[in-house]
Each structure stands twice: as C-alpha cells, then as structure tokens.
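These protein sequence lines are chains A and B, in that order.
Just so we're aligned: the first sequence equals residues 1 to 271 in this note's numbering.
Just so we're aligned: the second sequence equals residues 1001 to 1223 in this note's numbering.
Think of the hints as simulated: they come from the structure by calculation, not from any bench.
Heads up, some of the hints might be wrong.
What the hints assert, rightly or not - Examples of chain A residues lying across from chain B (beta carbon under 8 Å, computed):
#1 32
#2 87
#3 244
#4 246
Said to hold, decoys possible - Taking lysine-lysine pairs in the BS3-like style, the calculated list, with each CA pair at most 25 Å apart, reads:
#5 A:132 x A:214
#6 B:1189 x A:157
#7 B:1189 x A:252
#8 B:1048 x B:1189
#9 A:132 x A:35
#10 A:102 x A:14
No residue lacks a Cβ here, since even glycine has one placed at the ideal position from N, Cα and C.
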Amino acid sequence: MSAHATEHGTMNIKLIVWRQPARDKPGRFETYEAKNITPHHSFLEMLDVVNEDLIKAGKDPIAFDHDCREGICGMCSAVVNGVPHGGQERTTLCQLHMRKFKDGDAIYLEPWRARAFPILRDLIVDRTALDKLIQVAGFVSCHTGGVPDGNAILVGKPEADYAMDAAACIGCGACVAACPNGAAMLFAGAKVAQLAELPQGQVEAPQRVAAMVKAMADQGFGNCSNHYECEAACPKGIEVKFIARLNREFTKALCQEKIGAISTTTAASGD
Amino acid sequence: MRLLSDSIGRKVVMAITGLLMVLFVVGHLLGNLSIFAGADGINTYAAKLQALPLLVWATRIVMGAAVLFHLVISIQITLENNQANPTAYAVDRRLRATFAGKNMIWTGLLLGGFILFHLFHFTVRSVPGLEIVQVHDALGRADVFAMVSAAFGKLVTAAVYVIAMLMLYLHLSHGIQSTFQSLGLNNSKTMPGFAKFGGVLSVIFLLGYGAIPVAIFFGLLAK
C-alpha cells in the first residue's frame, strides 16, 4: 500500500480493459479511470464502482462474470496483468483486494484466452467446454434405488484426503487460461484422479480416462507440456500431481486395452 | 485409445523417446570422456566400439527412430497448441514456465540440426569445408584423437559444438524432469527431486561435453 492509499485514503487506478461487444465481434482495449477506490474494495467491487460511473455517464458497463464473491463458486474470471485471478496465491479474483495495488497503478484486464473458451462479451467467456468434460467423463455410474449404507464401502483416510484435494477444483478455468497451450489437463486430471482414487470410481477408471482425453481434444483444448502454469494460477491449490495421475491412468488403461483385458470404446455416456 | 494420436499417448511417446536419447547422451558422454586419457584412451575406445557392429547399428536404428518420433510429434503438438491458444495476453507474465520450457521446440530443432551436422562431420566426414581425412595411429587404429583435435582447433567448429551443448542443456533442464511427469511417475514429494536431478544431469552434460572442444581449442589436452 502506498502512502496515498492509507487506511482511510482512496486511490485512483488506471484500467486497461478488453471490450468486446459479442462473440464473433472484434474487441479492443479501452482505458478507464477507477476513482476513489479504498484498499478494502475487492477487485470486483472496484469494477462495480467503475461500472456505476460508466452507467451514470450513459456508457456501456464492463461485463464480467461473478456469483458468490466468496471464492468458492468459480464464476469470476479475468486475467489481471497477464495472470488469471491476479496472481495472489490461492485467491480468486473476487477475494483479491485493492490493498494489493498502489495509487496510480495501471491494470490490464483481459478475459480467459483459449480456443475452447470463446469470449461472449468483454471479460465473460463461455466455459461450457469444461461442463462437457464432466458430462462425458466426470461421473460415477450408479444404480438408482435404496440409499446404500454410508459405511458400506470403506474409504481410507489418505485416499479420502487425496480425493478431497482433487475435488477442491471449482471449475473456474484459470488453469486453461494460464496454460500457454490452452490445455485443460489440471481440470481433467483433478477429476480423473479424484474418481480413480475412490472405490466407487475405480470400476470405470479406464473408460473414464479414455473418454476424458478424447473429450479434451474434441472441445479444442491443447496438449500439456509440463510448464505447471496451471498449478501456479489455480485459486484452489490443485497440484500437477493430478496431471501425473491422469497420465498414469491413461498409460495403465492403454496397456490394459492393448492386451485385451478391457475395452474403452464402450464407455458409459453421460446421458 | 491410441498411443500415437491421443494427447497423452503422444506425451508418453515423447517421454520414452526422450528418455532413450538421454540414455544415449549418458553413454556417449562416458565414451567421449576417454579423450581426457589422451590419444590412446579415445582411440582404444573407438576401436573397441567399432568391433561391436551389432551394438553400433542397433543403437543407430533405435536412436534414429527415437529422434524421428520425438521430432514429428513435437512439431504436431506445437502446431496444435498454438491453435488451442491463438491469442496472447497483452501482458506476458508467466508464474512458473521457464525459458527452457517455453523454447523446447526451438532448442529441439536446433539440436536436430546439430545431430545431422555432427553425423556428417565426424561419422560420414563429408561436411563441405570441414572434410576430414581419416588417419591411423601407430597401432593402425583410426586416429579419432587427431581427427577431433584438428576439428576443434578451429574456433568456429568449437563454438558450434559448445552452442549445441548449451541447447542440450536448456532442452534437458526441462526435458528430464518433464519425463517423470509425463510418464505419471511424479507426485508432489518427488517433484523437487526430479527437477534437481534433471538440472544437475543437464549441467553435467554441458560441462562434460563442452569441456572437450574448449580444452582442445585452448590447447589444454595433451596427446
């Protein structure tokens, strides 16, 4: 915090924001002044202040995604000075506060950029591609009927913890936005690892990984080249060990299929 | 599931072919270091190696295939990745990616070019302007020491080899640790160890291989 932005002081920030009216329209950067921002403003509240001024001036407000504003829903998504969610460790954009900036700072604001995430408007992108991955491969098939006993299938504490760490993904897509290759391996790896670790998910593990890898290609995601930018940008601390697990599950399934032990072509569909 | 077209299948192929080439780099370095034992050292090594044509040719075939797969897949993947992420951010800031990691395709292509040059230089001995006449030592063996000494006496040749070894260092400082991740052998505990292992090994390659042209160029290598 600079001397200008003391506990009660305010600061002015220069925003250079990507404005794009619609999906297939060309976009460009425009510069705005965020005035009277306190250090207590969250990043999204700062945008609210800017938008209020824009609306009062009869201009189009900056469109951005948000929902819970408490760091758990995975809706907020903007790249701040080249880093998804702004680069504060394990922090979503909504939980980033203006005390991290100084009076007079210039901030570049851009949407997630990846082929799989078409820009809908300004900072809002279409993340349906991630939902597709879950539809195709992010589930466990189960029979309907009576509720099974909670402890009928025992899960060890280490396995439960591992699966929980993977399940912490909020699906915000920062990993894809951070990836130089526009790949979704961290997202996919976390889901594959989470389900493959648990007894309920192990049955379909080979089919799941095969379907997941195919779906990633179908959705236009790139390939992983182990830069680990995804892990660094992830607001939930999802680790690239889950990508290693994804690779391991793939190799295992491929070997099983090649020796004829299983088939991955009859993967259950998500319908 | 397909090894040669699925994203992770190709990743596995990249890792395995890369690993094979690293093993070759280790063996080649151990052999080359015999030059520090003088002319008798490397000439003996060369003669013994040439007496094992089965090993030599098996290695050539396996390495040739490994290079080819590694090269074709890397170009494919780079093109695909550029398409998957077509627009750069206005601010280019990376949190973790390294210079070495980001330039794998370029260091790799340069190394590919270097391997061709190196083969034509010392094995086929037909690089225009750098032709080498095979001489024999007193024992009638191919005089590798004389050949290498003559070659690295020239600044340009020594510099080309040193630069190529810098490329090798960059390529492997990302590549070796990457192999473990790609093969799924990595986890959070092993990651720093693999990174260190890859770093140390690539420095050893740089120093080991680089020492040969440098030592010869500066006349530090006694016959």
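Could you tell me which of the hints above the structure violates, numbers in ascending order? 1, 8 and 9
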